[in-house]
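Add chain X to chain V, keeping to what the hints say.
Protein chains: 2
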Amino acid sequence: MNQQTQKVPVPTLERMARYLACLLDLDAKSVETISSADMERYTDVNAAQFRKDLSYFGEFGRPGIGYSVPELTRRISKILKVDREQPVLLVGAGNLGSALAGYPSLSREHFRIAAVFDNNPAKIGHKLWDVDIYDISKIAEVNARSIDARLAIIAVPSAAAQQVADAVVKCGVTAILNFAPVTLRVPREVTVRNVDFVQELAVLSFHLAP
Amino acid sequence: MNQQTQKVPVPTLERMARYLACLLDLDAKSVETISSADMERYTDVNAAQFRKDLSYFGEFGRPGIGYSVPELTRRISKILKVDREQPVLLVGAGNLGSALAGYPSLSREHFRIAAVFDNNPAKIGHKLWDVDIYDISKIAEVNARSIDARLAIIAVPSAAAQQVADAVVKCGVTAILNFAPVTLRVPREVTVRNVDFVQELAVLSFHLAP
Numbered sequence: 001m002n003q004q005t006q007k008v009p010v011p012t013l014e015r016m017a018r019y020l021a022c023l024l025d026l027d028a029k030s031v032e033t034i035s036s037a038d039m040e041r042y043t044d045v046n047a048a049q050f051r052k053d054l055s056y057f058g059e060f061g062r063p064g065i066g067y068s069v070p071e072l073t074r075r076i077s078k079i080l081k082v083d084r085e086q087p088v089l090l091v092g093a094g095n096l097g098s099a100l101a102g103y104p105s106l107s108r109e110h111f112r113i114a115a116v117f118d119n120n121p122a123k124i125g126h127k128l129w130d131v132d133i134y135d136i137s138k139i140a141e142v143n144a145r146s147i148d149a150r151l152a153i154i155a156v157p158s159a160a161a162q163q164v165a166d167a168v169v170k171c172g173v174t175a176i177l178n179f180a181p182v183t184l185r186v187p188r189e190v191t192v193r194n195v196d197f198v199q200e201l202a203v204l205s206f207h208l209a210p
Numbered sequence: 001m002n003q004q005t006q007k008v009p010v011p012t013l014e015r016m017a018r019y020l021a022c023l024l025d026l027d028a029k030s031v032e033t034i035s036s037a038d039m040e041r042y043t044d045v046n047a048a049q050f051r052k053d054l055s056y057f058g059e060f061g062r063p064g065i066g067y068s069v070p071e072l073t074r075r076i077s078k079i080l081k082v083d084r085e086q087p088v089l090l091v092g093a094g095n096l097g098s099a100l101a102g103y104p105s106l107s108r109e110h111f112r113i114a115a116v117f118d119n120n121p122a123k124i125g126h127k128l129w130d131v132d133i134y135d136i137s138k139i140a141e142v143n144a145r146s147i148d149a150r151l152a153i154i155a156v157p158s159a160a161a162q163q164v165a166d167a168v169v170k171c172g173v174t175a176i177l178n179f180a181p182v183t184l185r186v187p188r189e190v191t192v193r194n195v196d197f198v199q200e201l202a203v204l205s206f207h208l209a210p
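If you read the sequences in order, they're chains V and X. At position 179 of the first sequence the residue is numbered 179 (the working numbering), and the sequence of numbers has no breaks. At position 158 of the second sequence the residue is numbered 158 (the working numbering), and the sequence of numbers has no breaks.
Keep in mind that the hints were calculated from the coordinates and are not lab data. Fair warning: this is a prediction, and the values are worked out from it, not measured in the lab.
Pairs involving identical chains hold if they fit within one copy or between any two copies, as the list cannot separate such chains.
Subject to a maximum C-alpha distance of 20 Å in a straight line, what follows is the list of computed DMTMM-like cross-link-like pairs (lysine to aspartate or glutamate):
(1) K81 / E200
(2) K81 / D196
(3) K7 / E200
(4) K78 / E200
(5) K81 / E71
(6) K78 / E14
(7) K7 / E189
(8) K81 / D27
Just chain V, with the same shape it has in the complex (with noise of 0.2 Å):
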């Protein structure tokens, strides 16, 4: 991690990446200028904190004008590296690497379902919309040949999540999205998001009138 990425906290990362994905349908929509007040609208967060994210970045937007939403869009796009393509590891060919791999927002943002793995002999061979599935035990070689992702997304029952990590680390990624509900060990250098939704459930039932 370089400096800049040791001191931006992680819910401001998460709060550009929903700003980003936000301005991507203004500029759907031609929207050409918005002030963070309409930000907030659109995202929930609120305009004063919308403005102190960015400051992490340098400076946006100009006083009584606002936003140019095509720029600020390049620049959050450039910020969060999704302006370029970057290839990704699906593990995992069940239902929910289905779901994955064909959520529609994922080549908007330039993400890439590279190659598919998985350990079940009747779906390697085979495509996933439209992307080869391999054999688990081919991560290295199949990334090695032409792919070079640096993500991975995992996406198998928790008791196989820890070997799975272990593979797409040794073959160069350094970055993973986990949706097995177990804490995963990986090298300092390699950064691990997890999606638990029964966690997120848990979150939610908190909330619940008793």
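Just chain X now, kept in the frame of chain V:
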């Protein structure tokens, strides 16, 4: 929201949900006692943070002895209200809905997918896993009949998400887990958590070397 729920920071709640998932694993393995240092090893949340998070909810553990796994499990379950069955409405019976409904740890935290809704005539009247799939126009009727769920999962395409949110809120839902990449408009008393895979990837992408 009562006073207690207002003062607990969301990141604390997220970590509480993570501690619970970990404790349930440990309890299943008949581990009886843990220290905050053990917890750090299992969850990657540092020990001081763990103790601070718990302090929002009272006194836990005993100096020199640690935390009783069954007791801590029981108390956090109660705090998060996952000590009782929570029926959940799932809207969207596609790949994502199938993955969610089949998530093995749902039942462990007493979440029960009570009814599934879709607008696809080929699915309506059939089952997703062992749960009936109803016409999406029947949400209010089905929920009122016997379920009375206050939690809903929205796993439909973006264009349909707001309409679904309106429908579930109208029938008494106060907490929504939303997988559609849109900002839902809901009344103030309704809690929404958004899971957006592409935003997760964008946060990871930020951390990649240039």
